[in-house]
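Trainee: Each chain, letter by letter, is given below.
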Amino acid sequence: MTHDTDDTTGTDRTTDTTETTATDQRRERPQILNRLGAPKPGVNGDESSRGRRRFLAAVGSAATAGLAGCAGLRSDGSADAGQVAFSDFRGSGRLVESRPEIDAPRIADLPDLSGELTLYLGGGEGGLYRELVALFERIYDDFTAVPNAGGTAEQANKLVTEGEETPADVFWSVDAGSLSVVAEEGLTAQLASETVENVPSTFHPDRQWVANAGRARAIPYNTDQLSASDVPDSVMAFPDSPLADGGIGWAPTYGAFQAFVTAMRLTEGESATRDWLAAMQPSVTEYPDEFLTSNAVADGEVAGGFANHYYALRVRDARPDAPLELAFTSGDAGALINVAGAAVLGPSDNAELAENFVAHLLSAEAQEFFATRSFGYPTVEGVPPVGGLPTIDELEPPELDLSKLSNLEPTLRLMREVGVL
Amino acid sequence: MAGSGADSGVRRPFERLRRLSTTADGEPTAAVALLAAAVSAAVLSPVAWLLLRAAEVGVSDAIRLLASGNTLSVLTNSVALVAVVTTASVVLGVPLAVLTVQTDLPFRRFWTVAVALPLVVPSYVGAFAFVSAFGPRGVLAGVLAPLGVEIPTIYGFGGAALVLTAFVYPYVFLTTRASLLSFDTTQLEAARTLDTGYRTAFRRIVLPQIAPGVTAGALLVALYTLSDFGTPAIMHFDTFTRAIFLELNTFARSHATLLSLQLLGVTAVILALESRIGPGEADGYGSRTSTDTVVELGWWTVPALCLLAAVVIVTLGVPVGILGLWLVRSGPGYAAGGLAFEWTFGLNSAAVAAAAALVTTLAAVPVAYYSGRTDSRLGWLIERPTYVGYAMPGVVLGLALVFFGTKYAPGFYQTLPLLIFAYVVRFIPQAVGSTRSSVMGVDRALVGAARTLGETPRRAFRRVTLPLIAPGLVAGAALVFLTTMKELPATLLLQPAGFTTLVTYIWRVQEAGYYGRAALPALVLVAISSVSMLVILRGENT
Chain A
1 MTHDTDDTTG
11 TDRTTDTTET
21 TATDQRRERP
31 QILNRLGAPK
41 PGVNGDESSR
51 GRRRFLAAVG
61 SAATAGLAGC
71 AGLRSDGSAD
81 AGQVAFSDFR
91 GSGRLVESRP
101 EIDAPRIADL
111 PDLSGELTLY
121 LGGGEGGLYR
131 ELVALFERIY
141 DDFTAVPNAG
151 GTAEQANKLV
161 TEGEETPADV
171 FWSVDAGSLS
181 VVAEEGLTAQ
191 LASETVENVP
201 STFHPDRQWV
211 ANAGRARAIP
221 YNTDQLSASD
231 VPDSVMAFPD
241 SPLADGGIGW
251 APTYGAFQAF
261 VTAMRLTEGE
271 SATRDWLAAM
281 QPSVTEYPDE
291 FLTSNAVADG
301 EVAGGFANHY
311 YALRVRDARP
321 DAPLELAFTS
331 GDAGALINVA
341 GAAVLGPSDN
351 AELAENFVAH
361 LLSAEAQEFF
371 ATRSFGYPTV
381 EGVPPVGGLP
391 TIDELEPPEL
401 DLSKLSNLEP
411 TLRLMREVGV
421 L
Chain B
422 MAGSGADSGV
432 RRPFERLRRL
442 STTADGEPTA
452 AVALLAAAVS
462 AAVLSPVAWL
472 LLRAAEVGVS
482 DAIRLLASGN
492 TLSVLTNSVA
502 LVAVVTTASV
512 VLGVPLAVLT
522 VQTDLPFRRF
532 WTVAVALPLV
542 VPSYVGAFAF
552 VSAFGPRGVL
562 AGVLAPLGVE
572 IPTIYGFGGA
582 ALVLTAFVYP
592 YVFLTTRASL
602 LSFDTTQLEA
612 ARTLDTGYRT
622 AFRRIVLPQI
632 APGVTAGALL
642 VALYTLSDFG
652 TPAIMHFDTF
662 TRAIFLELNT
672 FARSHATLLS
682 LQLLGVTAVI
692 LALESRIGPG
702 EADGYGSRTS
712 TDTVVELGWW
722 TVPALCLLAA
732 VVIVTLGVPV
742 GILGLWLVRS
752 GPGYAAGGLA
762 FEWTFGLNSA
772 AVAAAAALVT
782 TLAAVPVAYY
792 SGRTDSRLGW
802 LIERPTYVGY
812 AMPGVVLGLA
822 LVFFGTKYAP
832 GFYQTLPLLI
842 FAYVVRFIPQ
852 AVGSTRSSVM
862 GVDRALVGAA
872 RTLGETPRRA
882 FRRVTLPLIA
892 PGLVAGAALV
902 FLTTMKELPA
912 TLLLQPAGFT
922 TLVTYIWRVQ
932 EAGYYGRAAL
942 PALVLVAISS
952 VSMLVILRGE
962 NT
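Protein chains in written order, with our numbering: chain A, 1 to 421; chain B, 422 to 963.
Hints were generated in silico from the structure; no laboratory data involved. In this text, a Cβ means the ideal position worked out from N, Cα and C, and glycines have one as well. One should not assume that every hint holds.
Per the computed footprint, the stretches of chain A lying under chain B, defined by three or more beta-carbons under 8 Å from a beta-carbon of chain B, are [stated by the list, open to error]:
1) 145-156
2) 161-168
3) 404-410
Here are the computed distance ranges between Cβ atoms for each label pair [what the hints assert, rightly or not]:
4) A:275 / B:501: 28 to 36 Å
5) A:223 / B:527: 33 to 41 Å
6) B:452 / A:349: 39 to 47 Å
7) B:477 / A:391: 39 to 47 Å
Between the sequences and the hints, there should be enough to build the whole structure, so can you do that?
Mentor: The following block contains the structure:
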């Protein structure tokens, strides 16, 4: 699943050197920004820029220090966004070591962000989204984002309560359902077709909002106990599979698991879902969350589990030798994909900046950020996920209106009836 | 009263103010009543939003929802939880108060602080710690399993009741303790010279006098239990707050509104009940606080110490221990990503909580003074509604103020003043309660005596009333401070842009599953709030 090398220190050193260089360059940023224009990936010959030259020198010395498998850094790592290098967007760690060249529009191809943007964050991945915003602010001197964070549903409820009086320019939320609700209230402005052109159309319904990253339901399994063929293609077939024989871990109190059961209820019906839950029960072990579920699979406590795909990647990132792989079911609730996305709010008097900000979330740099920092699924074509996973358009999610997933109560009732909760 | 001309010139307006506030017989005047009524109306205003929203719900829809089985079970669950948690808090809080005030228990000061401290632990942190310790695959479950100890499931009614009791019983402990401290122990001695045993004396003499204190604490416990979201959410137990949250999560706002109104109905019933058995209107004696030993424990010392140790281990040891574990254990899987902790978050929390404590105390004074001094029914009508905000789920209060803020006060929307107003609405009963009981404790004859001796009303207030009610004011302010420190839902909805506090940071990292990162801010939160607990306890002993 991953391309492990022993030489992790080399990568770390490179990152450090790059950051030092970036700080040095900050002081002379205005000139560099003017001179750089829009460099193409892999073009290294712009010797007119002092900052650029220094950056390349830094990469060169790190490379001689024994850098392996980091071709992406050299070819992509141009200082294309002023003092912020492509590598500043990229995460570190074993899973990120060998990233291919990213073939997608760059920040340098977009108009500058300028002015103050009021940003309602729903969720926000523990501050990761703020880090991305901070990177944007480093690139553009006169751009400031004022974040206002809360739960996804709380933020949507707040926006709906504020209505036309909302001070927000952009709603950026990690849950598709909350975006749909705000769109249904007529509070979103339609995005330009150029903004969303590189994103599959299922991820920008009616262009009212656009997904910037996805998270897929996946089946982590222990490779010492099972092979890929032991994991059925359909989640409904799990109860009578080798997977069930080895024990399955799940986290029924976890929101993403409940969303999965909701999806099953919506696609297969209540009674089939009830039967499935009951049939699963003899084989399952309960965990408090899906990171611990994935960790338990890696430990061999259970042969497989139910978890969002990135938890297995986090385990692999921390424990590269863990016997852990991911399988995906096809076309059913087990293959559900939920997305984080952003919308420009109709009442905003800052619509141009807001739209440009959304476009920045779809830039190669931001997509690489989502892919390598939080191990999310990039939504822009040409940006692959980490860990050798299938790309988002190779997955087969069920046909489902994601906003319906918010109707949790019947699901919880069902789970309680069966005794899962 | 010799004073220079300039001095009295300054004084005159104040005297006028004093005369405005108190008539000769000590009954507050209309001006105070008006001020108290204004405060009461202001803190009740969020209910108006609920009524507006409810008006949008069709009658048939409303009846269908209110009569549904689910609503009934939510009502039963909530009432049962309130009853059990309140009873358990009294059963636990009153003996602990007696032990630490009236006995020769060793290390009394230490135990006093230790059993009061659980109040500073936010319920969502506490509940989470309990799940981590006793839940499926929990830390302690893992330790106890080889010893053959099966821990019953922590989820559901039992877990919710246990966790809530563990972190709110100190309300009863504190109020009971305050009553015991002002209790005149000479009465007990008198009873015992008449050859009455302590148990009988306690029932016949102590209990009637501390009953107002006990019920005041029980009321806070009951209303807190109604409004708490974190515990039932983490323990998967369906109460009003959890049902309201689920409805809001599915964007069924009309249902959330109806449930909130039902919740307020339950609140009204509790408030009415409490005022039946609540504080009598008799004046206090202004007696000196007393921690004299009344009961010698003898061989009861050992069981008493065991009880105290058990309480402290469960209510303080478990959460702090789990937080410490997270702190040292935060491996790469947990610590990656997320925002770095900044110490300014702690400063922000402390500053906004201090401001909230100050404003709330100031707003509480007219209400407490008027309702504590008057014998009229109006005092009751003004004081009771200030408790409503306390029982309101934070998310409902927050949305109400989002609505009013954007529609009628856009200049204040997402600013600190509106956030502080939310805290006032939510926590004013704590300040009103403790201030009111100290106002009632001031013997009106003392003020009268001061006036007879030629003191102006202002000086009488300053030299007699104020020193006597100061401990109540400070204790109320400290309670508001520590509850503001840990308030989460309303804070999230109303926080000014870029203003991060400890709880919003904890929420941010915990939401992303980085529990290791929540440990440090949670411990800082507990540490800062502990200071306010020390203030409360110190105030009592002066």
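Trainee: Take the hints in turn and mark each one as holding or not.
Mentor: Quick rundown of the hints versus the structure:
For the region 145-156 of chain A, the proposed coverage by chain B is satisfied: 9 residues have a C-beta within less than 8 Å of a C-beta in that chain, meeting the threshold of three. Residue count for the region 161-168 of chain A with a Cβ under 8 Å from a Cβ of chain B: 6. That meets the three needed, and the coverage hint holds. Counting residues of the region 404-410 of chain A whose CB lies closer than 8 Å to any CB of chain B gives 4, so the stated coverage by that chain holds, three being the minimum. For residue 275 of chain A paired with residue 501 of chain B, a C-beta distance near 32 Å keeps the hint of 28 to 36 Å intact.
Roughly 60 Å separates the CB atoms of residue 223 of chain A and residue 527 of chain B, a value that falls outside the hinted 33 to 41 Å. Taken as a hint, the range 39 to 47 Å holds for the pair residue 452 of chain B and residue 349 of chain A, whose Cβ atoms sit roughly 46 Å apart. In this structure, residue 477 of chain B and residue 391 of chain A meet the distance hint of 39 to 47 Å, their C-beta atoms being roughly 46 Å apart.
Checked against the numbered hints listed earlier, the structure breaks hint 5 alone; every other hint is satisfied.
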